[in-house]
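Taken in order, these protein sequences are the chains called D and Z.
Its first residue numbered 4, the first sequence is counted upward by one per residue in my numbering.
Its first residue numbered 9, the second sequence is counted upward by one per residue in my numbering.
Since the hints were derived computationally from the structure, they do not count as laboratory data.
Any given hint might turn out to be false.
[Stated by the list, open to error] Some but not every residue of chain D turned toward chain Z, in silico, with C-beta under 8 Å:
1) K53
2) L70
3) F245
4) T249
5) F289
Quick reminder that beta carbons are idealized off the backbone N, C-alpha and C, glycines included.
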Amino acid sequence: MSGLALGFAMLGAMLALMALRVPIAIAMFVPGALGYLSVAGQGPFLNLLKGIVYARLSNYDLSVIPLFLLMGQFATQGGLSRALFAFANALIGHLRGGIAMASVLACAAFGTVCGSSVATCATVTQVALPEMRRHGYSGRLSTATMAAGGTLGILVPPSVVLVVYAILVEQNIAKLFAAAMIPGLLAAALYVAAITLYVRLKPEHGPAQPRHGAQELVAAAKDVWPIVLIFVIVFGGIYGGFFTPTEGAAIGAASTFLTALFKGEMGIEALKRSFLGSAETAGFVFMILLGADMLNTALALSQMPARLAEAVGALDLAPVAVIAAILLFYIALSAVMDELSMIILTVPILFPLVLELDLYGLRETEKALWFGILVLSVVEIGLIAPPVGLNVYVVNSLAPDVPMGETYKGVFLFLAADAVRIVLLVSFPILSLWLVRLIF
Amino acid sequence: MGRTLEALAKAFAFAGGAVFVVMIGMSATSIASRTLLGQPLPGDFEFVQLGCAIGVAAFLPWCQMRRGNIIVDFFTARLPPSAQAALDAIGALLLAVVMALIAWRAMYGAITVYDSGERAMISGYPQWIGYAAIVPSLALTAIAGFFTAWQSLREAMK
């Protein structure tokens, strides 16, 4: 069998296994292992397995993942979302649609201590959704706001998806976080704009409220400053060169834990829940990485990614058209697969291809950063788009009185905002690269 | 059986969490030491690598006990529950076999590294410790895989 044929056979077997409910990690590992075995033979295969696991698990850069997961768990268990929402609500909750806007801002702010969408979605929904419903907001607007707002968890750094991408393409994690900052804020701003527009057209979905008093605002601000401080310490420390992203995550986890402890919301039970929650997520992330290691080692033997890059290069397409095609492919794929598996599976194959393209004359590093932000922006669409938006399910489990169809109707508003953002990010790489150029 | 295994997987996850707490403490000490005293803890990043490997490996059994290893359910969502459970049994069984293979080879990896006497570059701890420390976690994940496969099989038989 030629290398290319072997590559396609492995990918085909993987897709078949995935479709048959085999865990994604294993669906990648098994064809990779068989492919490697057939090319290299039994001795090298058994030898490879001796070190492959430890090599993956003991990666310094990857250690940032469990630490950021712990930080997110501490923030979730410690009820930090309540303080953030209360503050944002005191600030703008009186506007028409204001509580929904406040929820978006709370999600964005929570995203600075949490790198996961589903966690952000679930925890902010618990405090914000009842508030919206109590003040007469429609089920459609309030649930869709929460589902979409939750995606800010991965769009705003830190983001587990970005860490994984950084490692796959061998880029600096700190630079990628910097690149994600403005697009993350842009996402939040466009969501707020979408809500503004919607309640202007349909005021009954998000009625205005009496203004909150200054006292309330000051009281809410008192609970928020620790979170601001954590953000400043973690990112100030990383960009000031005081510590590595891993150390930043460690400090962030420690300070989030202490904040929750002083708020009286962190006991032994909450700590146990935090550990188990982190274990579940970190466990599947690293399993997929292991499966991908096996598959990619075998694919490298088959030289498939390099051949694919050459073939697409020979087609002589407009570079931006190739990028657009890749992004559309991701959007389609995100309907069936979770964002991390998608990235781990596709980036090693597609990234060499992207590097071949001449994109606005960007240098290699900047291309990698910009492409990462684009990928990040499209994979979260699968979290809210039909047929299976994970965030929609999460919100609906917390709002049993709102039919899922209503949520999806509302979600289209935010998908439109996403579409605008992605077009802006593709057309203007400077949105992703300006801050990186400024800092580094 | 199920309850013991669940308790054991939980204990591993807590132990993994504890490893990360120690790692957090060490990072804080290292940062403080080099900003205040101008000298970092020697080889701190090597201990982060060691801790990450041990900690994450200890997370794996719990993840499988909770069936946290992500699957694609898009194409099979319309199958009857018993057919889905049967497929899940096969998936978990494959996972168990892969993890058993990996655990077995990782053990030989640990022995090879032990024989070579390899040490960490700066801090000088013997490298085999890390290789050996992940083996029980990998083995327990394999057992968790067999157990969840059996659970799914029983569901499929119902």
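Hints and how they fare:
no. : hint : result
1   : K53  : holds, 3 Å
2   : L70  : holds, 6 Å
3   : F245 : holds, 7 Å
4   : T249 : holds, 6 Å
5   : F289 : holds, 5 Å
The structure is consistent with each of the numbered hints, conforming to all of them.
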